[in-house]
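**Student:** With chain A's structure known, arrange chain B on it following the hints.
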Amino acid sequence: MQNHPPPLANLPVLVLNLSALAAVPMPVTNDVLLATVLRRLEPWAGDEGDAGYTLIVLAAEEDALGKGKRRALPGVSWWIWNWRRIPRKYRKNLKRLYIVHPGTAAKTLLPITLPLLSPKSYPKLHIVPSLLALARAGIPLRGVDVPLSTLTEEARVLREHPQLAIPRAGMASFGLMNTLNQQGGVLGGLGWGVSAISSAIGTANSYLPFKLPAATLPPSPETEAKRSLDQSAAEPAKYWSGDVDAIIAENKGDLPRALHELRALILGMCSDTEGIFRKTATSHLLAPLQGLLDLPLRAQPKIDWAGVAITDPHLPPILLMRLLKGLSSALLPEDLYPLIRSTYTPDEIRTNLIPSLSPARVLVLTHLTHIGHHLLAHEDRTRMGATNLAIVIAPSLINGQDPRVDAALCLEPGKSLPPSLMPPDWAESGGTQTLVGLLQLWISEWPAVAEFTVSKNGWCDCAWADAGGQLSGSDPSTPIGMGRRVSGAKSGLYHELLGSQVMSSLAPATEAEYEAGVGAGLGYILNEDNKDLLG
Amino acid sequence: MSARKKVLLKVIILGDSGVGKTSLMNQYVNKRFSNQYKATIGADFLTRELVVDDRVVTMQLWDTAGQERFQSLGVAFYRGADCCVLVYDVNSSKSFEALDGWRDEFLVQASPHDPENFPFVVLGNKIDMEESKRMVSQKRAMTWCQAKGNIPYFETSAKEAINVEQAFQTIAKNALAQEAETELYADYPDPIRIDSDNAQNYGCSC
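Protein chains in written order, with the working numbering: chain A, 1 to 535; chain B, 536 to 741.
Treat the hints as calculated values from the structure; they're not laboratory data. Nothing here was measured: the structure is a model prediction, and the numbers come from that model. The reader is advised that the hints may include incorrect statements.
[To be verified] Straight-line C-alpha distance at most 30 Å; calculated DSS-like pairs for lysine-lysine:
1. Lys683(B) <-> Lys668(B)
2. Lys415(A) <-> Lys566(B)
3. Lys415(A) <-> Lys573(B)
4. Lys325(A) <-> Lys238(A)
5. Lys674(B) <-> Lys541(B)
6. Lys573(B) <-> Lys325(A)
7. Lys415(A) <-> Lys541(B)
8. Lys566(B) <-> Lys541(B)
9. Lys694(B) <-> Lys415(A)
10. Lys683(B) <-> Lys456(A)
Just chain A, same shape as in the assembly (with noise of 0.2 Å):
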């Protein structure tokens, strides 16, 4: 096998979406869905002679929720086979072909059948295992829309082969990274990861003879110490084992994108979930998700979030406090324990908290008991009232140096530990407040601590809770959620240019729809975070 060259930069990149494809009704034929993915893909194709631009192919195509409900599509061994017959431009100026998650049709014959068709055509495929890997093979997954069952298999490649889930596995090359980027930015101002590049690539030429490398084991703490020794002066590995307020700058003072989905879909979907930020969430898409979200800002996909919330509602906010929790630093600092021991009133965490606090903190801790807050509306169903939530929420917002301190901090005020678990001289050298009665107190009490009004039923009176109340409201057929998943589920192929994403979109279900549906589809996505970058 050769060496797959690195991805281009500054080519359109566009997703096809197999799932999407199948959604698609049965009436439809293969070649009818063939010639509309072509138009779709026209304005990027080009004519011959053009630059030519990269086609990623997700090609999981069942998910937990559509299943049975789908067409078969004919396999990627159709499409290529297909291939032939496409207009010459569009073979041409395709420069590179990712395959991400082949079903076992394509594993086995798209490398015997490939070559047959053109053998010019070899180079160009690559076959990845997993869209991590193709994250950190150099293209940003920004813009691309992450189905459930791409998902799903994502899930499953990870459980398999938990060793792609690690980032910058096997780098030996880091000194390549400074190179390349000092040579023009191969990735196109993607300085991070070029040094993965070579370990993910390398990942998915063992993948091309059939089969991925026998799974390894995870990799020891004194190797996982080394290689954090190793990377300390370069920035994390991780997106969410950063500084908050690192994150919290690069977002330009906002919260991550990430936090905003979270709180929707929490508030909006998850509300009616017994045990809400307490259970384990049971479905396994948390590795995959978090895998994703820890990829750099730039390279974070846009994920199928109602999806997800209707796999398993528990995971939103598990995922969310798993990101908090990440954290290089924990968001309420050891140093504040004195503090937060003697704050016993709203007005105490308004004015003696808070300044305490960096503003990335306490953007941050008033985000997360302001959605606990939202829930609280909804406690007939969570079951989940202001002092469970901050018992299962404190844990995660401190990491001291004695655990048996920080226990004690989770503790309601007026309980205490087992004596041996006990810190010593605790109720002496500090307030009889804990974390948990500040987090109850922050949590229910939130309008007057951000002294925001309060409306008629007592909740806070912010748009959240039109936004909260709307969402899981009186329909649960068509929450404004299940709405996005549909229209999600349509954009099957967009496309996407490198530093100034353009998309246009959509699979579509019939001619009619599909033409109806590309403005539709354009101005959603333009919504939702993209108008920032077309102006």
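**Tutor:** Relative to the frame of chain A, chain B by itself:
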């Protein structure tokens, strides 16, 4: 003599959040099931006296918070444990898959003298829920228990008091056996074990 000594058994209950650890303990000790929905903080313990093999023993049941975060307290929690109860919810396969982690965690933190033979008991809780919600089959659970050295397995319902007495009776019995062994070690506080790795392998090691 040790037979007349008052026996105190320390039993640790581990498992993911919300699988019913506190409820099981409450059902066993107080014969009550509370519909109150309450997350456990840190750790707490309840005691109950019972008779095992004609001996009156006091079982000290340590309830723990299911959150990973408190594992850092493990050493202090687990020290001197005589039995470890692993609880999962039969309606959540994630909570079942987490058992491996909880078991390893316990063995690392408590570092019992003889980890191979340390008594564990696995409880699959919430069997009162409707069958269609069940995610972990009895067979799957039993296969796991067998693979981990024939761990006794019970399917329980703290809510309807199914199998709770039986399960804790077994827990006490196994803990008592462990306690006897611990005392053996306690008599020789610092035993020099030359071939510690092989000392316990009486049978064929296949």
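**Student:** Lys683(B) and Lys668(B): Cα distance at most 30 Å?
**Tutor:** holds (26 Å)
**Student:** Holds or violated: Lys325(A) with Lys238(A), Cα cutoff 30 Å?
**Tutor:** holds (13 Å)
**Student:** Between the alpha carbons of Lys694(B) and Lys415(A), is the straight-line distance 30 Å or under?
**Tutor:** holds (26 Å)
**Student:** Assess, step by step, whether the Cα of Lys573(B) is no farther than 30 Å from the Cα of Lys325(A), and give holds or violated.
**Tutor:** holds (22 Å)
**Student:** Regarding the pair Lys566(B) and Lys541(B), is the alpha-carbon distance no greater than 30 Å?
**Tutor:** Distance ~24 Å between Lys566(B) and Lys541(B) Cα, so the pair holds.
**Student:** Next pair to validate is Lys415(A) with Lys566(B); report whether the Cα-Cα distance is within 30 Å.
**Tutor:** holds (23 Å)
**Student:** Does the alpha-carbon distance linking Lys674(B) and Lys541(B) stay inside the 30 Å limit?
**Tutor:** Not OK: Lys674(B) and Lys541(B) at ~39 Å, beyond 30 Å, violated.
**Student:** Has the given pair, Lys683(B) with Lys456(A), been kept, meaning a C-alpha gap of at most 30 Å?
**Tutor:** This hinted pair is violated, its Cα atoms lying about 57 Å apart.
**Student:** Holds or violated: are the alpha carbons of Lys415(A) and Lys573(B) at most 30 Å from each other?
**Tutor:** Since the Cα atoms of Lys415(A) and Lys573(B) sit roughly 14 Å apart, the hinted pair holds (cutoff 30 Å).
**Student:** Tell me if the straight-line CA distance from Lys415(A) to Lys541(B) falls inside 30 Å.
**Tutor:** holds (29 Å)
Of the numbered hints given earlier, the model fails hints 5, 10; all others are met.
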